[in-house]
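Engineer: Once you have looked at the hints, place chain B on chain A.
For the record, the sequence lines run as chains A and B. The opening position of the first sequence corresponds to residue 1 in this note's numbering, with each subsequent residue numbered one higher. The opening position of the second sequence corresponds to residue 1 in this note's numbering, with each subsequent residue numbered one higher.
Each hint should be verified, as a subset may be incorrect.
[What the hints assert, rightly or not] Partial list, computed: chain B residues near chain A (C-beta under 8 Å): (1) Arg-180; (2) Arg-181; (3) Phe-185; (4) Ser-199; (5) Leu-200; (6) Gly-201; (7) Val-202.
[Unchecked claim] DEER-style ranges, computed between Cβ atoms: (8) A:Val-346 / B:Pro-6: 53 to 63 Å; (9) A:Asp-116 / B:Leu-9: 24 to 34 Å; (10) A:Ala-327 / B:Thr-230: 55 to 65 Å; (11) A:Gln-325 / B:Leu-99: 51 to 61 Å; (12) B:Phe-127 / A:Asp-70: 38 to 48 Å; (13) B:Phe-273 / A:Arg-183: 51 to 61 Å; (14) A:Asp-119 / B:Pro-6: 21 to 31 Å; (15) B:Phe-133 / A:Asn-16: 49 to 59 Å.
[As the list claims (entries may be wrong)] To list a few chain A residues with every Cβ distance to chain B over 10 Å, as calculated: (16) Val-189; (17) Met-202; (18) Gly-319; (19) Glu-320; (20) Arg-384; (21) Gln-387; (22) Glu-432; (23) Asn-483.
The hints are simulated quantities; they were obtained by calculation from the structure and are not laboratory data. In this text, a Cβ means the ideal position worked out from N, Cα and C, and glycines have one as well.
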Amino acid sequence: MPDVAKLLDARNVSKNFGEFRAVAGADLTVGEGDIIGLIGPNGAGKSTFFNCLAGETMPNTGRIVFNGEDVTRASPEAHVQAGIGRTFQVPTTFEDMTVIHNVMVGAFLRHPHRNDARDKARQIVEMTGLRAEQPARSLGTPGRKRLEIARVLATGPRLLLLDESLAGLTPAELQEAIALVRRIHESGVTIVIVEHIMEVIMTLTRHVLVFNQGHVIASGAPDAVVREPAVIEAYLGRGSSPPARRCTLETRTSNVTELTVEHLEVRYGDLVGIADISLRVGPGQIVALLGSNGAGKTTTLNAIAGLVRPSRGRIQWLGEQISGQPAHAIVSKGLALSPEGWRLFVGQTVEQNLRLGATALADRARIGALFERVYALFPRLAERRRQSAGTLSGGERQMLALGRALMSEPQLLMLDEPSLGLAPTVVEALYETLKELHRQGLTLLLAEQSIPLALGLANYAYVLQTGRVALEGPAAHLERDENVQQIYLGLSGPVRHSAG
Amino acid sequence: MKQSWPARLPVVLLAATLLLYPLILPGAFYRDIGVTFLLAAISASAWNIVGGYAGQVSVGHSMFFGLGAYAPLLLYTLWGWPPMAGIPVGIALAVGLSLVVGLPTFRLTGHYFSMATIAVAELIRIFTGTWNFVGAAIGLQGPATARAWWDLIFRSELPYYYLFLAVLAILLAITSVIERRRFGFYLRAIKAGERAARSLGVPVRRTKMKALALSAAFTSIAGSLYVIKTGFIDPDSGFGILISVQMVIVAALGGAGTLFGPLLGALILIPTFSTAASLC
Chain A
1 MPDVAKLLDA RNVSKNFGEF RAVAGADLTV GEGDIIGLIG PNGAGKSTFF
51 NCLAGETMPN TGRIVFNGED VTRASPEAHV QAGIGRTFQV PTTFEDMTVI
101 HNVMVGAFLR HPHRNDARDK ARQIVEMTGL RAEQPARSLG TPGRKRLEIA
151 RVLATGPRLL LLDESLAGLT PAELQEAIAL VRRIHESGVT IVIVEHIMEV
201 IMTLTRHVLV FNQGHVIASG APDAVVREPA VIEAYLGRGS SPPARRCTLE
251 TRTSNVTELT VEHLEVRYGD LVGIADISLR VGPGQIVALL GSNGAGKTTT
301 LNAIAGLVRP SRGRIQWLGE QISGQPAHAI VSKGLALSPE GWRLFVGQTV
351 EQNLRLGATA LADRARIGAL FERVYALFPR LAERRRQSAG TLSGGERQML
401 ALGRALMSEP QLLMLDEPSL GLAPTVVEAL YETLKELHRQ GLTLLLAEQS
451 IPLALGLANY AYVLQTGRVA LEGPAAHLER DENVQQIYLG LSGPVRHSAG
Chain B
1 MKQSWPARLP VVLLAATLLL YPLILPGAFY RDIGVTFLLA AISASAWNIV
51 GGYAGQVSVG HSMFFGLGAY APLLLYTLWG WPPMAGIPVG IALAVGLSLV
101 VGLPTFRLTG HYFSMATIAV AELIRIFTGT WNFVGAAIGL QGPATARAWW
151 DLIFRSELPY YYLFLAVLAI LLAITSVIER RRFGFYLRAI KAGERAARSL
201 GVPVRRTKMK ALALSAAFTS IAGSLYVIKT GFIDPDSGFG ILISVQMVIV
251 AALGGAGTLF GPLLGALILI PTFSTAASLC
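Chain A with its partners taken away, still in its complex shape (with noise of 0.2 Å):
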């Protein structure tokens, strides 16, 4: 079989930040004319991956060698020239000019003079279905990333790197979007693309590579690589470890609600973060929103929070409306948030961290015993108390931003995505704490990733798929529902029904 050159041949790739290592010795090899996806849970290390090797972060190791040039070290300028186009995630067009402005200045690459320039851009503008003397700001987020592809298509690229170019669209634009890929691959030009969205990688492409911390894990075909146990694990969390037996909580089952959601939708100027989440918890419960990434699940606690402002639908508390109140007002009345990633004031020492937590409270005197709780809770935390933030692990940085949110003395505790990034005896260790705050009374709220780890804690879950709420019931019924995994891996259509 003859031996197809390689268009690009990346070897043992690795960047560390710091410690961090993000990518840790990936491959790729890439054939002309393929079409081949990356995929991987959030934090995997596919946009630094994807940076390396657009020439816009030079990697610590490794070689990259494209059309038989090694482009390692080259900027990004040169990787361009090159051959080499990438699109971002957040759509970076150049909003103060037309679309045809913003296409010239990538066509202007190979056509240095004005006229040919222009005419080259014309002609992907057409391609692509976009108005040529349409302000880029007048466009809503589907044309924005329409406008990026486009832009990107002038420089003549060979190889085309789409980082998660089709995300936050409708159904409908999402189709379109697909069929423009897929124009373009036939016109010729190889494509690497970074995806969450299944759909986009089973149908568009014939060879997926899956990412997990830092490295390819596993390369096939996309429906064979979706059930190789090592993906589902890597996407679903510790499948393959018997999951902590779930200690006998009391489920206080009760009809009264504390927490009721009610068809929620929230924005982000076009793109759609949730389209419809409606749920409820009651006091004492643990309820889990699961989902992979861009499912809603951190649109979701933002919202309810206070943080972002939904564009329909309601959140009352304890029976008051506090949807479009302001984020501190509804601390105050005993919502509090462990953002995900933390979010701490890493400039800061652990104690000041806490102190802020509890700015909210109504009756300072209460400030001295909700340290001891917290440091009770987090004796490391307590070892701590002087040292800055910024110098914690992980699994610390987890129970300082716990412990911040407890401090405000909250009814109901939220969580977004608490293992995220932990080692596997840390979170352990969280999720006993987790129970021991629900045994003092706490109800909580936690988005996971990890189906496992969720539904050993919770008594009640909610799978998101794309902004609604595909699947709920109790944790038990779920933990056995095989729909769950489906839904992870897209590999059914959105279903919407209760189990049992």
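Structural biologist: Frame of chain A; chain B shown alone:
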């Protein structure tokens, strides 16, 4: 792209007004405002290339203005040369300085870049004030009376007016050409999004340096014109921060990054300044 006649009309009217202004409004007071206006328009238009189009807000352009102002008088003081001969020298010095300053400062972004440019200009001003060779704090003077036409000392403001107008026209013509070519697109792309520009193959650093050099050259010319008219320079009137600030304000007021923005800004600001000053 050829513009149709109706679109060209405002520009034609503007040109006609500027040409006829000294004849419409004669008298030293109005002529003086006219000359000051033109000088401000030239400086701001020069700044506009790197500050308006490319979005690199330098608040230290007086460093180039001052070089252009000192060079003619230095040549006169040292060797009796006509101040005019200092114009190309000033340009060379300014472009050289722009390369030296640009390399480190363009690594900085946003406010940090602006602050760095202020710092450099101030350093130069302070240094000039202590350097006897260039007159230290006292400064330099030009010829008191004209030895010949090439000293460019005129008793009336009129020749200065038309000289400055010619320079402004040339500068705007050059800017207009840049606007339509690749260089202009790249400048605007850098302003609109450096990271995106880079990802499209725009040679960002090189483009910024070219823009700064061009801007520096014309700012230097503005400085030379100023000194040819006033016949005197010292560290404050050459390198003072107010000169830099005025350039930025004038350009921003009328519309930074547009062809006629700086001119419009000067039109608004200078008559206001002059009238206010004359009332005190």
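Engineer: Now, for every hint given, state plainly whether the structure supports it.
Structural biologist: Comparing the hints with the structure gives:
no., hint, result
1, Arg-180, "holds, 6 Å"
2, Arg-181, "holds, 6 Å"
3, Phe-185, "holds, 5 Å"
4, Ser-199, "holds, 6 Å"
5, Leu-200, "holds, 5 Å"
6, Gly-201, "holds, 4 Å"
7, Val-202, "holds, 7 Å"
8, A:Val-346 / B:Pro-6: 53 to 63 Å, "holds, 59 Å"
9, A:Asp-116 / B:Leu-9: 24 to 34 Å, "holds, 31 Å"
10, A:Ala-327 / B:Thr-230: 55 to 65 Å, "holds, 59 Å"
11, A:Gln-325 / B:Leu-99: 51 to 61 Å, "holds, 56 Å"
12, B:Phe-127 / A:Asp-70: 38 to 48 Å, "holds, 46 Å"
13, B:Phe-273 / A:Arg-183: 51 to 61 Å, "holds, 58 Å"
14, A:Asp-119 / B:Pro-6: 21 to 31 Å, "holds, 26 Å"
15, B:Phe-133 / A:Asn-16: 49 to 59 Å, "holds, 53 Å"
16, Val-189, "holds, 16 Å"
17, Met-202, "holds, 28 Å"
18, Gly-319, "holds, 47 Å"
19, Glu-320, "holds, 43 Å"
20, Arg-384, "holds, 33 Å"
21, Gln-387, "holds, 30 Å"
22, Glu-432, "holds, 44 Å"
23, Asn-483, "holds, 40 Å"
Violated hints: none; the structure is consistent with every hint.
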